[in-house]
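Chains as they are written, first to last, in the numbering used here: chain E, 1 to 529; chain D, 1 to 395.
Hints in this document: simulated from the structure, not taken from any laboratory.
Cβ atoms here follow ideal geometry from the backbone N, Cα and C, with glycine treated the same way.
Some clues are possibly wrong.
[What the hints assert, rightly or not] Cross-link-like lysine to aspartate or glutamate pairs, in silico, EDC-like; alpha carbons within 16 Å at most:
id, chain 1, residue 1, chain 2, residue 2
1, D, 384, E, 313
2, E, 177, E, 156
3, E, 400, D, 216
4, E, 275, E, 313
5, D, 393, D, 216
6, E, 291, E, 73
[Said to hold, decoys possible] Take a look, some chain E residues computed to stay more than 12 Å from chain D by CB distance:
id, residue
7, 67
8, 85
9, 263
10, 271
11, 470
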Amino acid sequence: MMKSYDAIVIGGGHNGLVCAAYLAKAGRRVLVLERRYVLGGAAVTEELYPGFKYSVCSYVVSLLRPHIIRDLELARHGLEILPLECSFSPHIDGPGLVRWPDPEQTRREIAAYSQRDADIYPLFGRAMMQIARWVKPIIDMVPPDPTSFRLGQVRDLFHLGRRIRDLDDQTLARLVKMMTMSAADFLDEWFESDALKAPMSVSGIIGTYLGVRSPGTAYVLLHHYMGEIDGAFRAWGLSRGGTGQISLAIASAARSLGVEIRTEAPVAKILIDDKTASGVVLEDGTEYRAKAVVSAVDPHRTFLGLVGFEHLDDDFVAQVRRFRMRGSSGKVNLALDRLPDFTCRPGDGLHVRGDIAVAPSMEYLERAYDEAKYGMYSRRPYLNVVIPSLTDPSVAPPGKHVMSIFVQYAPYHLADGAEMWTDKREQFGDTVVETLAEYCPGLKEAILHRQVLTPWDLEQEMGLTEGNIFHGELGLEQLFFLRPVPGWARYRTPIRRLWMCGSGTHPGGGVMGAPGALAAQTLLEERAL
Amino acid sequence: MPLPTPLHPRTSALCVTYLWKEWAGYHAVRAYSTSPEREYNAVRQGAGLIDVTPLYKYDVTGEDAAAFLSRVMVRDVAELKIGRVAYLCWCDDDGKVIDDGTCARLAPNHYRVTAAAPAYHWLSHNAARFRVTIEDTSAKLAALALQGPMSRHILRHVCDADLDAVKFFGLVETRFDGVHGVLTRTGYTGDLGYELWVQSEQALALWDSLMMHGRDYGLEPFGLDTLDICRIEAGFILHGVDYHGAHQALTEAQKSTPLELGLGWTVTLERGPFIGSRALAAERERGQKWDLVGLDIDWQATEELYDQYGLPPALSMAAWRTPIPVYRKGRQVGRASSGTWSPLLKKNLALATVQADCSAVGTVLDIEMTVEWERRTVPATVVKTPFFDPARKKS
C-alpha cells in the first residue's frame with residue numbers, strides 16, 4: 001500500500017524544512033525528501049576531518065526571521081545564534097580597519113583614515129535604518145501580483161503604495177538611488193576613505209556576478225542594515241554547532257510536529273498528469289503521492305530537471321532559462337592546528353571573532369571582478385573569513401580552529417568550460433590560502449586539512465545550479481514579484497499542485513527561512529491541501 | 001564604600017569598562033565589555049566565570065544542625081542527602097518569605113546556607129533550643145560560578161572529582177589544581193554550571209587556573225548584567241527585585257508567600273511544625289492571592305506599536321527591573337517586576353506578579369509599554385517558566 005501525503009517537499013534544506021514544519025503545524029501530513037545523507041542543503045555542517053565541524057557552504061546566519069525562531073521554538077530544538085559584532089578588514093601595510101560594536105571605538109578607527117568619514121558613518125547608519133525600515137516588511141510578505149485585481153492583492157499593493165507615500169522626499173530619493181546605483185558610486189556619495197568603503201561595498205556583491213562598480217549593487221547593501229533593524233534581534237550571526245545546526249533544529253521541530261523526513265532519497269521526476277502534479281518518483285523507482293508537491297530546489301532544477309520541458313510552455317521555459325544563476329563564488333574550509341596571527345593586529349581578540357574581510361581597496365575588488373568577467377578566477381580575490389571556533393568551541397578540538405573562507409570571484413563559467421574546475425580546484429585553493437597568508441603569515445603552516453569548493457562542486461555536490469548560492473542572483477530585476485518569473489512569484493507554478501518554496505522565490509537567498517514560511521502560508525491560505 | 005572581593009585584583013584588571021555596582025557591600029563587575037552580548041554568548045555557548053563571593057554564606061554545624069535548619073527552612077532539609085544541595089526559602093511566622101537561597105549538606109552535621117540578604121540574626125535568633133553553631137563564612141569563603149555548556153570540560157582540567165558523578169544540585173569536596181574546596185552543580189543561569197567554594201586566600205589561584213584552562217573552551221569572565229539576562233531566561237526570581245523579603249518590606253502588601261512566588265514546590269508541609277508552617281498550611285487550603293508568572297510580550301504588536309511612531313522597535317539589550325503595570329481588559333491586575341530581551345529565544349520576556357485568577361498559562365494580559373513618552377500597552381501571554389531550559393542543564 002503506497003503511502004499518501006498532503007504535501008511532499010523536495011529538498012531538505014532550511015527552506016524546505018521550514019515549509020514542511022509550518023504545514024505540519026497546521027495539521028498536514030508532510031514528507032520531506034533529501035537527496036544527500038545529511039539535511040541542510042547549503043546550510044549544512046559536516047565533520048570532514050575528525051573533530052572539526054565545517055559549515056561547509058553557508059557560514060553566517062543572515063536575517064533568519066525571528067518569528068520563525070519563535071513559531072517553531074527553534075531554541076528548544078537546539079538553535080543558538082551568536083551575533084557577529086565586529087568587522088575586521090586587514091591590510092598588508094598599516095593597521096587595517098576594525099568596525100567595533102562600540103560606536104566611539106569605531107569612530108576612532110575610521111578617523112585614522114578620515115575624520116570626516118568618522119563623523120558621517122553613524123549618520124549613514126541612521127539613513128540606512130530609515131530605508132531598511134521601509135523595505136523590511138516586504139521580506140515577510142507574499143509578493144502581490146501588480147496585474148491582479150484580487151482583493152487581497154490590491155489591498156497589499158495599496159499598503160505598499162501608502163508606505164511609499166509616507167516616506168519623506170530625502171529617504172525616497174535615497175531608496176531610488178540604492179535601486180539603481182552601484183555600491184561604489186553610492187558609497188562615494190557619502191564617504192571618501194577607500195579603507196572604509198571597500199569592506200562596506202562587498203555586501204553589495206556577495207553571491208552576485210557583478211562588481212562593486214556595477215549598477216544595481218547598492219540595493220543589496222540594505223540587506224545588511226535590515227539585520228541591524230532586527231535590532232536587539234541581531235539577525236546576523238553564527239549558529240552554534242555550525243550552520244547545519246539551524247537545519248537540524250528546524251528538522252527537529254518539524255519532526256516533533258509530525259513531519260516525515262527521508263535522507264538519501266533523490267527525486268528523479270515529479271509525476272505530472274495533465275499539467276497537474278500528483279507526486280514524485282525517486283531514482284530507485286519508489287513513488288510517493290500527495291495533494292501538493294513543493295519544490296525547495298532552485299527554479300532551473302525544478303522546471304528544467306524535475307518537471308521537464310514537455311509539461312511547460314516554451315515561453316515559460318525561456319523565462320526560467322533567463323533567470324540568472326551565474327555562480328560567482330567558492331568556499332575554502334580549513335582545519336587549523338593553531339590560530340595564526342594577522343600581522344596588522346595579532347592575537348585572538350574581539351577583532352577576529354567577527355567577520356574578516358580581505359577587501360583592502362575598491363580597486364582591489366574591481367580588479368578581482370575584471371578577471372572574472374573573462375572567465376578566470378580572481379588571482380587576488382575578495383575573501384570573507386570567519387573563525388567560528390573562537391566563539392563556539394564546540395566546532396573544533398580545544399585550542400584548534402576551523403576557518404571558513406568565502407571567496408569571490410570564482411565564476412562558474414570558466415573561459416575553457418565549467419567542467420575545467422575539477423582540474424583547477426586545488427590551484428584555486430592555493431590562490432585563496434596564498435592571498436590570506438599575505439595578511440596572516442603563519443596560516444599555511446597551521447593547516448591540518450583543507451576543503452575547496454568551486455562553483456562546479458557547489459552544483460555537483462549541493463545541487464546549486466551553476467553554483468549560485470542564492471538560487472538565482474539578488475538583482476532587483478529578479479526580486480519581489482519578479483522572482484523567479486514574472487506572474488509566478490507567489491510560490492505557484494504553471495503546473496497545478498506544484499509549488500516552490502526555495503531561495504529562488506521571494507524574498508530570496510540567505511539563511512532567512514522566509515521563502516519556506518511564506519510558501520507554507522500561501523499553500524494554506526489557498527487551500528492547496 | 002564597598003569593599004573589594006578577594007578576586008578584585010583579577011576582575012579589576014579586566015574590567016576596562018569601569019562598570020561596577022555595589023553588591024552586598026562589595027564591588028561587583030556589571031560588564032567587562034561595552035558589548036554585553038559577548039559575555040552572554042560565552043555563558044550560553046562556551047563558558048562564563050563570575051565572582052559570586054558577595055553572596056551571604058552561613059555554615060551551620062553541630063548535632064542538631066539538621067533539626068534546626070528543618071525548623072527554619074520551608075523544606076525538610078533533614079531529608080537532604082549528604083553531597084546534595086537544595087534550593088529553598090525561609091519564612092516568618094506569618095508564612096511570608098524572608099529570603100531564598102540554597103542549602104548544601106556537606107556532612108551529616110554540616111550545612112551551608114547561601115542568602116541574598118544578611119541572615120545571621122534570623123538564624124541565631126531561632127537557634128536557642130538547638131545544639132548548633134552558626135558561623136558567618138561570607139568573608140572567609142570566596143565563590144566562583146562557572147556556567148555554560150563547556151563548564152564541565154574546563155573543570156576536567158582543574159579538579160580531581162569524578163564530574164559525571166556530580167548530578168544536578170550535587171556537591172563534592174575536591175581539590176582544584178591543588179586547592180581544597182567544594183564544588184556544587186548549581187548556579188543562577190539555568191544552564192549547565194557549577195559553583196566553586198574555596199578559602200578566600202586561595203581565590204586568585206583558582207581564578208587563574210580556571211581562566212588558563214578555560215581559554216580553549218571559550219571561557220569569558222562575565223558580570224551582573226549578563227547574569228540578570230540569564231536568570232530571567234531561567235525564570236529565577238531575585239530578592240529585592242521580584243519580591244521584597246519580609247524583613248525589608250514596609251507594608252504587609254509588599255510581602256509574599258512561597259506559593260505566591262511560585263516556590264510552593266519547595267515547601268514540605270507534611271512533617272513536624274516549622275516556622276510559618278501553620279500559615280502556609282492555611283494558605284494552601286484557601287489558595288494564594290497572587291501568582292508569579294512568566295510573560296511573553298507580543299513582538300508583532302511591539303513592532304506595530306513602534307511603527308505608529310515611525311520607529312523600529314527599540315529595546316535595551318540589558319535586563320530591566322522597574323515595576324511596570326499589567327492589565328487585563330483595562331483593569332490593572334498586577335505588575336511585571338523584571339524583564340529582558342532574550343537574545344537566544346528572540347522573545348521579549350518578563351517576570352510578573354498577577355492576581356491568581358489571571359495566572360493560567362495562555363492567559364493574554366496587557367503590559368504597559370512607553371514609546372516616545374506615551375504610555376501604551378501591548379499584549380503579553382502568560383507562559384511557563386523557565387523560558388529557557390536546555391537539556392544540558394541536567395545532563
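Verification of the hints:
1. Under the criterion of a C-alpha separation no larger than 16 Å, the hint pairing residue 384 of chain D with residue 313 of chain E is inconsistent with the structure, at around 54 Å.
2. For the proposed pair residue 177 of chain E and residue 156 of chain E, the alpha carbon gap of about 24 Å is over 16 Å, so the pair is violated.
3. At most 16 Å may separate the alpha-carbon atoms for a hinted pair to count; residue 400 of chain E and residue 216 of chain D meet this at roughly 8 Å.
4. The straight-line distance between the Cα atoms of residue 275 of chain E and residue 313 of chain E is roughly 11 Å, inside the 16 Å bound, and the hint therefore holds.
5. For the hint pairing residue 393 of chain D with residue 216 of chain D, the CA-to-CA distance comes to about 21 Å; that exceeds 16 Å, so the pair is violated.
6. At most 16 Å may separate the alpha-carbon atoms for a hinted pair to count; residue 291 of chain E and residue 73 of chain E exceed this at roughly 27 Å.
7. Annotated as non-interface, residue 67 of chain E brings its C-beta within 12 Å of a C-beta of chain D; the closest such distance is 7 Å.
8. Not every Cβ of chain D is farther than 12 Å from the Cβ of residue 85 of chain E; the closest lies at roughly 6 Å, contradicting the non-interface assignment.
9. Listed as a non-interface residue, residue 263 of chain E keeps its Cβ farther than 12 Å from every Cβ of chain D; the least gap is roughly 24 Å.
10. Residue placement check: residue 271 of chain E keeps its beta carbon more than 12 Å from all beta carbons of chain D (closest about 39 Å).
11. Distance check for residue 470 of chain E against chain D: the nearest CB is about 24 Å away, which clears 12 Å, and the non-interface claim stands.
Against the hints set out earlier in the document, violations occur for numbers 1, 2, 5, 6, 7 and 8.
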